[in-house]
Each structure stands twice: as structure tokens, then as C-alpha cells.
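Chains A and B, in that order, give the protein sequences.
Number 111 marks the last residue of the first sequence (the numbering used here); no jumps.
Number 114 marks the last residue of the second sequence (the numbering used here); no jumps.
For the record, the hints were derived by calculation from the structure and aren't laboratory data.
No false leads were mixed into what you were given.
The list that follows gives simulated cross-link-like pairs (lysine-lysine, DSS-like), each with its CA atoms no further than 25 Å apart:
#, chain 1, residue 1, chain 2, residue 2
1, A, Lys79, A, Lys45
2, A, Lys2, A, Lys42
3, A, Lys2, A, Lys45
4, B, Lys9, A, Lys45
5, B, Lys57, B, Lys71
6, B, Lys57, A, Lys2
7, A, Lys79, A, Lys42
8, B, Lys57, B, Lys9
9, B, Lys71, A, Lys45
10, B, Lys9, A, Lys42
11, B, Lys9, B, Lys71
12, B, Lys57, A, Lys45
Not the full set, but computed from the structure, chain B residues with beta-carbon under 7 Å of chain A:
#, residue
13, Gly40
14, Gly42
15, Leu45
16, Glu102
Covered by chain A, per the in silico footprint, the following chain B stretches (three or more residues, Cβ under 8 Å):
#, segment
17, 48 to 60
18, 103 to 110
As the structure is a computational prediction, the values presented were derived from the model and not from experiment.
Virtual Cβ for every residue (Gly too), placed ideally from N, Cα, C.
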Amino acid sequence: RKEVEQDPGPFNVPEGATVAFNCTYSNSASQSFFWYRQDCRKEPKLLMSVYSSGNEDGRFTAQLNRASQYISLLIRDSKLSDSATYLCAVNRMDSSYKLIFGSGTRLLVRP
Amino acid sequence: NAGVTQTPKFQVLKTGQSMTLQCAQDMNHNSMYWYRQDPGMGLRLIYYSASEGTTDKGEVPNGYNVSRLNKREFSLRLESAAPSQTSVYFCATTTGDRVTGELFFGEGSRLTVL
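Could you put together the complete structure from these sequences and hints?
Next comes the structure, spelled out in C-alpha cells:
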């Protein structure tokens, strides 16, 4: 079983829709959680960190559920420009600082 | 304001050939990483260097060697390339701040091994 798992999608949604992705992690020692965005044939870039209390950045909301060991990303009022692959990443306290990535969820926003 | 620079951006090799991917950062970060990305597999960590002079294996180190030449540069070497090493390779760097967690990636190096 992969340490970090995501539904590969694609999620195909109309503009203005709300869409949510989940990411599960298997190692309970995981301490830090992040969402990255990757455009086609580009490098990943940090979208947002995921805090225990949840956090919001404009149309994006990230949540952490430690009991069930998953993080989520909610995108409201989807824009065409949101089309990308969303990667979750986790960092463990029991290792040097290194991020383990999921395989990504692809989002397609259609007009 | 280059950030993280990788060279070459594209390379085609024949099985058995060797090559080195170069990575340089001007962000004064201590930690540097090499990831590979394959369809359906996500980013997998090959090697990392927490500081100048140290290197450690990641998830998929077999077939690769690395050198942390100085604080700025971290190279990845394929001694005898195999078709299974066809991939997109990303170099990344970070301050190591666990709170922000931001890795800064290079633009990637696309390697094809025939």
C-alpha cells in the first residue's frame, strides 16, 4: 500500500462548481500536510499547507482529519484556470525533512 | 531570480550510457532533493541532501548516485541508464521549515532511455 494515496480522477466539473478531493495517508507519525498544484508539463508549486484546525485561502479550503488519516481540498466556484493536477504531500516527524507525495488528482474545469 | 535551475531540460540516452543531471539553487537553502515523476506514480524521492556534505537515500535510489558539490549544487548521476529510468526528474530545495513545507522545484529534466 502506498504511504499517500489519491484518487487519480479526472474530476470533470463545470465552471462555478464546487469540487473536493481527499488524500489518505497510512503513517500515523505524519505531522505536516500540504497541497501542491501541478500544471501540465510544469513543476509542482505549493498551493497551501494544511493545519490541524483547517484553513482557507480564497476559494480553497483544506482540512485535516487525523482520526481517519486523510486530508481534503475543497475548491469553490471553480475557474477554468483551476484545471491542473493536485498533489498532496506529507512529512513525518520520524525522518529527516522530506515530503512524500501522492500520485495526484487531475481536475478538468469545463466552460 | 533563477531559483532552482536544472540542466539539461531534455535528454535521450541509449541503454548503458551514463549521464549527470545538474541542479543549482540560488536561494541559500540547506536541503536539496531529487525526485522522479512517472505517470500514475506521482513524485518519488530518489536521494536528498539535508546539508552540504551529506546525502541520503530516498524511496527509489537504485541505479543512481548523487553529489552535493557545495551548498548550491546537487547532481544526479545515472551510471548505466536503463529504459526503466525514462522519467521526468525534478530537483527541489527547501529551508526545511516543517510548518510552511514549501519545496521549490526546478522546471524538470525529461529523460528518455532507448
